[in-house]
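Quick note, the sequences are listed as chains A and D, same order.
Residue numbering for the first sequence follows the numbering used here, starting at 1 and increasing by one per position.
Residue numbering for the second sequence follows the numbering used here, starting at 1 and increasing by one per position.
Note that these hints are calculated values from the structure, not bench results.
Please note that a few of the clues may not be correct.
[As the list claims (entries may be wrong)] Examples of chain D residues toward chain A, derived with CB under 8 Å:
| id | residue |
| --- | --- |
| 1 | Gly-47 |
| 2 | Glu-56 |
| 3 | Asn-88 |
| 4 | Glu-91 |
| 5 | Ile-141 |
| 6 | Glu-142 |
| 7 | Ile-317 |
| 8 | Pro-320 |
[To be verified] Here's a subset of chain D near chain A, in silico, CB distances under 7 Å, partners left out:
| id | residue |
| --- | --- |
| 9 | Leu-48 |
| 10 | Pro-49 |
| 11 | Gly-50 |
| 12 | Leu-54 |
| 13 | Glu-83 |
| 14 | Val-85 |
| 15 | Ala-89 |
| 16 | Asp-184 |
| 17 | Thr-185 |
[Said to hold, decoys possible] Heads up, simulated SDA-like pairs for lysine to any residue below, C-alpha to C-alpha not over 20 Å straight-line:
| id | chain 1 | residue 1 | chain 2 | residue 2 |
| --- | --- | --- | --- | --- |
| 18 | D | Lys-81 | A | Pro-65 |
| 19 | D | Lys-59 | A | Pro-65 |
| 20 | D | Lys-81 | A | Gln-80 |
Model, not experiment: these values are computed from the prediction.
From the three backbone atoms N, C-alpha and C, an ideal C-beta is built for every residue, glycine too.
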Amino acid sequence: MENLTFTQEVKPPDTKKGPVKWLKDNLFNTWYNTILSCLALVFLFFVFRGVLTWVFTQANWEVIPANLQILSIGPYPLEQIWRVSYVIYGLAVLLGLSAGIWDGLTRQITVAIGCLGAIILLLPFEISVREQTLIATVILAVSFAIGRNKHNWKRWVVVGWVLSFPWTMMMLHGFGGDTISTTLWGGLLLTLILAAVGIVACFPLGVLLALGRRSQLPAIRWVSTVYIETVRGVPLIAILFMGNVLLPIFMSGDFQLDKVIRAMIALTLFSAAYMAENVRGGLQAIPSGQVEAAQAVGLTYPKAILFIVLPQALRAVIPAIVGQFISLFKDTSLVSIIGLLDLLGIGRSVLGNTDWTGLQTEVFLFVGLIYFIFTYAMSHVSQQIEADLGVGKY
Amino acid sequence: MRNKFLFRISVLVLAILFVTPLLADNHESILDKVKNRGKLVCGVHGGLPGFGFLGEDGKWSGFDADFGRAIAAAVLGDPSKVEFVPLNAAERFTALQTGEIDVLIRNTTWTLSRDAELSTDFAPPTFYDGQGFMVPKSLNIESITELAGASIGVTAGSTTELNLTDTMRSLGLEFNSISYADIDTLYNSYDAGRVDVVTSDKSQLVARRKDLKNPDDHVILDATISKEPLGPLTIHGDNEWNDAVSWVVYATFFAEEHNITQENVKTFKTENPEIKRFLGESGEMGKKLGLPKDWAKQIIISVGNYGEIFERHLTPIGLPRGVNKPWTQGGLLYSMPFR
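Required output: the full structure, derived from the provided sequences and hints.
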């Protein structure tokens, strides 16, 4: 055996850690970076000083608590608010059960929502609001506990999620003689409903259009292509206006589609075209050999698409799909232009109140913050899904 | 053979589908529809200070909204039986034409084209507005003729822009018009001194003045350069319904002329035969309009007379009565006789 001799001593890698080291490495490592960092700090100081002084001393935030009711539910009648509560309770049951049965992401979401409930309990909201939040949080916790031991309930929970949508609609609208017209839906409630419907409906439609555009049958291919290209060539606001101003003129007589439903259809049709292109991007990334191999082992074409191609294709385009969902969520604010009172529409109406005119900055900042919370949550969830599925790791 | 049969059937079905809506065009008056429905659907502005906005309790509030309540009180005897639909400027007429709303009370100016072309009928104006100018006091301007050379802020694409150009041209004045797409930007620019003068409907100028940094430093010129009579609209050709809406408006005028108020209407004692007819104590005024006997009384009980509605919504934003007072006091509000 040969004796190895070290001629040179190698230093161990620098293992020092801490904020000072980080600053030295990242902000002040060269003389020009030091200058740039200092300039940026001065700039940030002035921006933040201006913003914070305004937020804490000049802004009149009274407008938000005073209008919190209409910002959250719009003109929805207060004596019917139990309908909204029941919808939330129902969703809490489903979410709790899902979190109990499936680990991972659903559990994280549930914990986050539970924490949110606890925070609302501590804030000085009206007693009735806190009472309902307490009930919802307790329901969430209880159904979570139940769900942990009921792994054979999986199928029923999935059915429950599917049924939750018609149930929500029926609860909010009421059935029989005593209904609550959709003109009374508003605020965050309307924004969330429009976004949920758009997201849930545009996804399958988009997948179908994407498959249609790659179809071997010319008729289907052409229809899909023309649809996608036409819709993508028109701004959403134009589609909303057409749905709202032209459609009622074509449809004569007593049969008139509800204004909210028209907005839902317009949002769905618009997003489906973009969704189709996102999905098609994923489909093109799957080599044709996959389908051939699937057919070779005896799968029919639909089965090959459903079980082999789509799972891989969709997994590859999660960021694009979630991006589309987020932009759909923000696009719902355009319905305020066609006279629906979504979150932004209510914000505008608040500014029409003689007590609160001239407070645009406060109201729109608050509305923007709400949008940010929801879109950030969505993008965070998408990152979690990617991590769970191991996207981007090989 | 079979194919031919199927083809004929489908042609027939298609034909029926296309023709049915034409046949179904029945001539039931909206008045009856509202009664059967038990609810009035009224189009309003989504957020206009003083005229229509959603209050903090989720109820619509404002001058226009109260006229909607007055109609509901007259037809259904209950001012709460009205559903308000917020509408923007572009879709308001469509909503009326398609029957989505029964009546439109949304700051709409009565013009010849709208009356003749849009298949809408107007009820008497509830508010006479007009375009005016606001200037800083420091400029010492008292009349339009002194505005020569000034930069004037205006909202883009509105009739106010056209009125401004027409007026200045007819006076032979040079001026510099600066258009803003957004109302808030317009007033912020004016407040910051980027334009010398701002022009708009006087009601808007008054409402916006109180949000300026120093409201007292600004003055609204007396001159009015356009007519903006704002009132309710109904669909063209439904005379029965238009009559009902018109007389609801007249009833609020009439009550103010005769000092009948929300407070004293229930105990109002009079020997005046016209007031007796108004209150439904004699005659059959209600029946002639297809309304309950005490329709006018119900209006006053629920929203009060014109002056009370005005004082509730427009006086707080600083609007003077101006020409919007009874003809007996030199204004333009003139109720037709209750006879």
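We went through each hint and held it up to the structure:
no. : hint                : verdict
1   : Gly-47              : 3 Å, holds
2   : Glu-56              : 5 Å, holds
3   : Asn-88              : 5 Å, holds
4   : Glu-91              : 5 Å, holds
5   : Ile-141             : 25 Å, violated
6   : Glu-142             : 28 Å, violated
7   : Ile-317             : 5 Å, holds
8   : Pro-320             : 16 Å, violated
9   : Leu-48              : 5 Å, holds
10  : Pro-49              : 5 Å, holds
11  : Gly-50              : 6 Å, holds
12  : Leu-54              : 4 Å, holds
13  : Glu-83              : 6 Å, holds
14  : Val-85              : 5 Å, holds
15  : Ala-89              : 10 Å, violated
16  : Asp-184             : 6 Å, holds
17  : Thr-185             : 10 Å, violated
18  : D:Lys-81 / A:Pro-65 : 28 Å, violated
19  : D:Lys-59 / A:Pro-65 : 17 Å, holds
20  : D:Lys-81 / A:Gln-80 : 16 Å, holds
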